[in-house]
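Number of protein chains: 2
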Amino acid sequence: MFKMVALYKRPENTESFDEYYFGTHMPLTKKIPGLQDVKITKISGSPMGESEYYLMCEMYYESKQAFKEASKTEESKAAGKDAMKFAGNLVTFFFGEEYGE
Amino acid sequence: MFKMVALYKRPENTESFDEYYFGTHMPLTKKIPGLQDVKITKISGSPMGESEYYLMCEMYYESKQAFKEASKTEESKAAGKDAMKFAGNLVTFFFGEEYGE
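Protein sequence lines correspond, in order, to chains L and Z.
Note that this note's numbering gives residue 47 to position 47 of the first sequence, counting from 1, and the numbers run on in steps of one.
Note that this note's numbering gives residue 75 to position 75 of the second sequence, counting from 1, and the numbers run on in steps of one.
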């Protein structure tokens, strides 16, 4: 599977982040055509103690081609724009092929 | 599932990184007791173009408790020490609970 990853640093106010993220941003994300699965990781720490990261969202597509097609849609652009609006200073995006090892 | 994530920045020499990672580090990692699944993502880019990240390894455990038990083992300590040895300047670790959204 091909996935897009959104990795968010810990926000100052986790409560308002969660409210917006799950109440507004996730419903926008789930409208993206071709999106097959979404996994969330609530980051609780690191081997050194606290982590600077707070949440990771993994968005799965059937292939890189399917992801590229999805990225051209209005729904994808709206979700991306929304992420930058509410968490532009916190989020890092990257993508790639996932496989079992 | 509970997972530990190792996120590696792009190394200067990807060929020697891959050789060590898959030839030496991954076999050490897979010896960790309680480790149920390993997923690798070869990061190929970001919406802005290149990504500073190169590879993400996700290591799955049945629960946080199982992960904590695993972390106490010699095998886990050896794998962690090895990661710091060959990629201490590239790797970031974090962990948390993963769930579908």
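Treat the hints with caution; some may be incorrect.
Because identical chains cannot be distinguished in the list, a pair is counted as satisfied if it fits within a single copy or across any two copies.
Simulated pairs of lysine-lysine, PhoX-like, Cα-Cα distance not exceeding 20 Å [claimed, not checked]:
| id | residue 1 | residue 2 |
| --- | --- | --- |
| 1 | Lys64 | Lys42 |
| 2 | Lys72 | Lys9 |
| 3 | Lys39 | Lys64 |
| 4 | Lys68 | Lys9 |
| 5 | Lys68 | Lys42 |
| 6 | Lys9 | Lys31 |
| 7 | Lys9 | Lys81 |
| 8 | Lys39 | Lys9 |
| 9 | Lys64 | Lys85 |
| 10 | Lys81 | Lys42 |
| 11 | Lys42 | Lys77 |
| 12 | Lys42 | Lys72 |
| 13 | Lys85 | Lys68 |
I should point out that these hints are in silico values taken from the structure, not numbers from a laboratory.
Just so it is clear, the structure is predicted and the values come from calculations on it, not from any experiment.
Each hint, compared with the structure:
1. Lys64 x Lys42: Close across copies (12 Å), not inside one copy (26 Å); limit 20 Å.
2. Lys72 x Lys9: Neither: 27 Å inside a copy, 28 Å across copies.
3. Lys39 x Lys64: both (18 Å within a copy, 17 Å between copies)
4. Lys68 x Lys9: Neither: 26 Å inside a chain and 23 Å across chains, both beyond 20 Å.
5. Lys68 x Lys42: between (27 Å within a copy, 17 Å between copies)
6. Lys9 x Lys31: neither (24 Å within a copy, 31 Å between copies)
7. Lys9 x Lys81: within (18 Å within a copy, 26 Å between copies)
8. Lys39 x Lys9: within (17 Å within a copy, 22 Å between copies)
9. Lys64 x Lys85: Answer is neither; intra-copy 26 Å and inter-copy 33 Å both fail.
10. Lys81 x Lys42: neither (22 Å within a copy, 25 Å between copies)
11. Lys42 x Lys77: Result: close neither inside a copy nor across copies, 25 Å intra and 24 Å inter.
12. Lys42 x Lys72: Close neither inside one copy (29 Å) nor across copies (23 Å); limit 20 Å.
13. Lys85 x Lys68: neither (22 Å within a copy, 37 Å between copies)
The structure shown violates the earlier hints numbered 2, 4, 6, 9, 10, 11, 12, 13.
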